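Number of protein chains: 2
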Amino acid sequence: MGNYAKLWLNYSSKKNNKDCKVLKKIVFSGSFADDKILENAKKELSLGLKDMLGIEPQIIISSDGNTQSCAAKRELTSGKAIADSEVYTISIKDGSIDISAVSSTGILYGVFNLLRTVGCEKDVEKEYASAKTFRPSNPLRMLNHWDNMDGSIERGYSGRSFFYENDEIIINNRTVDYARLIASVGINAVVINNVNVKQAASYMITDRYFEKLAQLGEIFAGYGIGLYLSLNYASTIEIGGMDSADPLDEGVKAWWKEKMAEVFAKIPTLKGFLVKADSEGRPGPFTYGRTQADGANMLADIAKEHGAIIIWRCFVYNCRQDWRDKKTDRARAGYDNFKPMDGDYHDNVILQIKNGPMDFQIREPISPLFGGLTKTNQMLEVQIAQEYTGQQIDVCYLIPMFKEILGFKTYAKSGKDIGNGDDTVADIISGKTFDSRFSGIAAVTNTGNDFNWTGDYLAGANLFGFGRLAFDTGLESDEIAEEFIRMTISNEDGVVDTIKEILLPSRAIYEKYTCPLGIGWMVKPATHYGCSVDGYEYDRWGTYHRADHLGLGVDRTDKGTGYALQYNEPNASIYNSPAACPDELALFFHHLPYTHVLHSGKTVIQHIYDAHFEGYDEAVKLAEKWETLKGKVDDGIFENVSERFKRQLYNAKEWCDQVNTYFHRISGIEDEKGREIW
Amino acid sequence: MGNYAKLWLNYSSKKNNKDCKVLKKIVFSGSFADDKILENAKKELSLGLKDMLGIEPQIIISSDGNTQSCAAKRELTSGKAIADSEVYTISIKDGSIDISAVSSTGILYGVFNLLRTVGCEKDVEKEYASAKTFRPSNPLRMLNHWDNMDGSIERGYSGRSFFYENDEIIINNRTVDYARLIASVGINAVVINNVNVKQAASYMITDRYFEKLAQLGEIFAGYGIGLYLSLNYASTIEIGGMDSADPLDEGVKAWWKEKMAEVFAKIPTLKGFLVKADSEGRPGPFTYGRTQADGANMLADIAKEHGAIIIWRCFVYNCRQDWRDKKTDRARAGYDNFKPMDGDYHDNVILQIKNGPMDFQIREPISPLFGGLTKTNQMLEVQIAQEYTGQQIDVCYLIPMFKEILGFKTYAKSGKDIGNGDDTVADIISGKTFDSRFSGIAAVTNTGNDFNWTGDYLAGANLFGFGRLAFDTGLESDEIAEEFIRMTISNEDGVVDTIKEILLPSRAIYEKYTCPLGIGWMVKPATHYGCSVDGYEYDRWGTYHRADHLGLGVDRTDKGTGYALQYNEPNASIYNSPAACPDELALFFHHLPYTHVLHSGKTVIQHIYDAHFEGYDEAVKLAEKWETLKGKVDDGIFENVSERFKRQLYNAKEWCDQVNTYFHRISGIEDEKGREIW
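Protein chains in written order, with the numbering used here: chain A, 29 to 706; chain B, 29 to 706.
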């Protein structure tokens, strides 16, 4: 045990299943390599059953001798092929647990599934009474670290990086336990460095770091996790000594050809690159009058020779907008920049698209690129680092939000066959269709070197939950929360229920006190934490509420910026109409009078007042619930969360009072209920 | 010449006075020591006349042999005695210039006076046709450096410190030229380190720095400048290893007794200390339930044994105010904290009081401590570092503002004789009364290691002008500007007039676009530059505008916070009444409807619109005037100021549009003139 929490792999002693006979002998059957992953699976199974139940099982390997390790291969198959290889089945056969798979990764996942069942004190024999097969909903289930090589983490709220310090790569027991933690919930891909690639990180693709990266990649591979690096698009200039990064320049291509040959040779487990280009000051193809497709394809064509992929972020917008300009709309930018080239991206390019058109606010509509792009590999990007959602101080269980995102209907009509099958693209973000060659879901991660990994113990539910949901989008928020609590904190039913009552409504509460009716961005610009109603109002970031004494909101209809029309019908018509638009997005799409009556029957101003008073009051109740757990959960966990709640209540009170005061002052309209506004 | 500008000591060749006979022989007469100051006076005179006129004068020393050097002595005399010793007379006797004084410092000042006359191309024979005597208005004329020992400067806008780098003290030619520059305008005291004493600066009073400080003090002493240090009030804890800084603790006193004996022995030229205590997180006597007087007197009693003084800042207020709290008023804090102990401060304590009750805004009323304290040594503190006044990007000649401050009538009634004379205290801030034992004027300085010392060449006028005005409060802003321009930039009349037309209205213009009717603080909190109307509105700093849809301003009358009543009559009644209060402070003292009609005949809202449009338009005109100087002034100067003007216009436009938009949105009242508001 290092100086950090084991979280859901703590394997504390369990009451149930102690005498479970089918756990005495466990069979790994199917077709898989006898590789490091299999070794890790055996080790994990032995450790978990011993620590939780005192059982030391006999493990029988019954493989048909497929000797190619998943971990070792780097070849461009397809998302479907990846998912197929990770399928596993658990059953009870001849009085033993049988875990069957076509790869050692499948076996490993089966082991973690079994250990989860034990960890949650479910009855093993009942659970697997009939055979259960598990197939990943998303072939790529990825974490993006925004860790910098100096040890800092951009938008990190859990201490410093456990990957880097002083421009060196750290490898120790924590590295291994990190791989175990994320593999246990189904993560199979990690980008280990910040998408803003600067300074030392630009040299990751040089021999300064190859040796360590190869070691790190080996550790990850042993848990079925692919290693990815964020790439500096301008590497030809910044480390190559050239004067161009033009993707159509032959010299540039030649440089990358040589560089990638070197990098993939030196880091055998490397699976590809993530690229943030032409975004917030980062260089990119636009500099040379080229398209995003030109840039992505150039890198992808070279990467293809090595069986690797290029993930290209769609976070491209004008971050030097004039606040006086009401025509330009940042929300439009992703679609405007990427839709015209739909079909042009080569088949080992994946576009990584943030869930919303802005930037990880607690409430945004779904990006119209989903359902807009129909001929392009896509990945959904969410953020479990709570940048705008409480910074791991305010509790905010994000899984219900991700469920909403995944449940959105894009009404996309059709697309070209780009790899493997039928020509319709349904809802790519549902994670259940693989019409594209590759697809998946990535989260900007919330980890750091804090003892508990995520700053707030309850924020661990987002790390756990993201992995679980990415693997199985059919899981419910409630089930995931329960698993997390039982495995990490307590199996006592009363405790489980109390913590679920805290987690499940927490996102709605955070939304209430920070983001009325879809108007985000009322945060302090420097930190993105704490209320500042006008913080971004007169700034260059394209993030405005446009409040005056009569009303507020941004007109994104056909009479305004036209953003609503980027959606497929019927979404476009729904969003375009104040009468049809859902309340929670009313001010995202419309500039409305304070006296406008919502579907809820409330006026806009009364909604603002009510939501903020309620949000604060409900946060107080969450904190009170937590206090009832004193003595019932580990003291360290109790104190950690208790201290966070104190800060949350201070924050929530500020939000409540500042937002209400601001809109009371500007509208001059009294709260119907006569509550105190300052 | 080092790699920096000589500013007003550039001694460029002059046309006038080339054949002036009285400059061939110059007599230093009176009673003064043959010390380093005298040597420097001779050297300066020879250099200046040679370079400007090609004259190499015969210098005759005719002293009665007073051999005690001003520079060397450290004894507690009085402000009057200091001023008496610095008096000098220039006359023409027997066909020669005669500079007469009772100290070598007086001689040095006489030399700089003569060189200024030559530098401005005034006719020397006419200027001194009848004898002229010059007596300093303020005995202490001080610059406060907010330089940190790591080389950074708090609120510095001119590069890095020329006193420190990497926690070491720098001494080189620039140190000497700095002493020459400031002595030439009459500065006789310098605090060389930031009032926020932290890290290495806490060790300035240890042998780590004694040797360098002694050298630095010697250089300053050679120009009649006293060396002062900012002191860490908690030194007993931070460097003394004790657990208390209680001013009544005998152990604390004993530590200071030993420490000061050591410090004053090792730095013979050190004249005393400046202390910021109990302020913005700095430790102080309040921590131990003691008064500010307890803290100041403890240090002063010990310093007195060494003939030294303690300057104690009055910038003590609650910087953790709740914005919802409308009773607490930061403006009241200075008076509330310091007035009750008037008469208790020992006679080598000087309270240093900022000009206004808040913090160096472009418009504030005068601090009521002036005229409130009648039995206490006081110094006025102003800021030529343009923290809130344009940051040496926006041109803002501050001398007209300082003239207003010095012209304020406090109507103080009487005070106890605390040293040397009559028992009435008239207007201490006028700098013309010395009823207190000590008094003076200090400026937070605007210098750094930029080539031109002050970032913007035009900001040099504030450094020059502060010294000149502190020495002679009777000088007019116009005269001072003219001297600065002629000596630093050009003697060509057209150029002089143009630059005066830029400097003289610049403060009024800056006020127009940033601070309508006395409402300051609408700045970005992180930098204090650029507009953010609500930047401080919901924060903890006690700095609010309280705008709602009906009106704005802070009620500081007897019906509000009562601050207006801290003034002597008739000021209290004037400020207390919306009808009597001067327009420029209307919103500082009153919460007024947008429709309130001002003395000007305009409504509040129309004043806001007009002032901002005018302020921007006038800034444009200043920039245009500067552009006419292309080719008429040094290219380096032209380009420097021209580039600053570009940034000023961007800034002024943002201020104009943001303030007008904010108040248009919140009030819903249209601009009478129908100009574009966003």
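Do not take every clue at face value.
Repeated chains share a single entry, so a pair holds when one copy, or any two copies, can fit it.
To be verified - With a straight-line cut-off of 27 Å between C-alpha atoms, the simulated DSS-like cross-links for lysine-lysine are:
#, residue 1, residue 2
1, K52, K285
2, K70, K287
3, K355, K681
4, K658, K53
5, K552, K354
6, K354, K437
7, K674, K354
8, K403, K630
9, K367, K154
10, K681, K332
11, K70, K226
12, K240, K160
13, K355, K701
14, K587, K46
15, K70, K281
16, K528, K52
17, K108, K403
18, K355, K121
19, K46, K70
Read the hints as simulated data drawn from the structure, not as lab findings. Since this is a predicted model, take the numbers as computed values, not measurements.
Hints that the structure is at odds with (numbers, increasing): 1, 2, 4, 6, 8, 9, 10, 11, 12, 14, 15, 16 and 18
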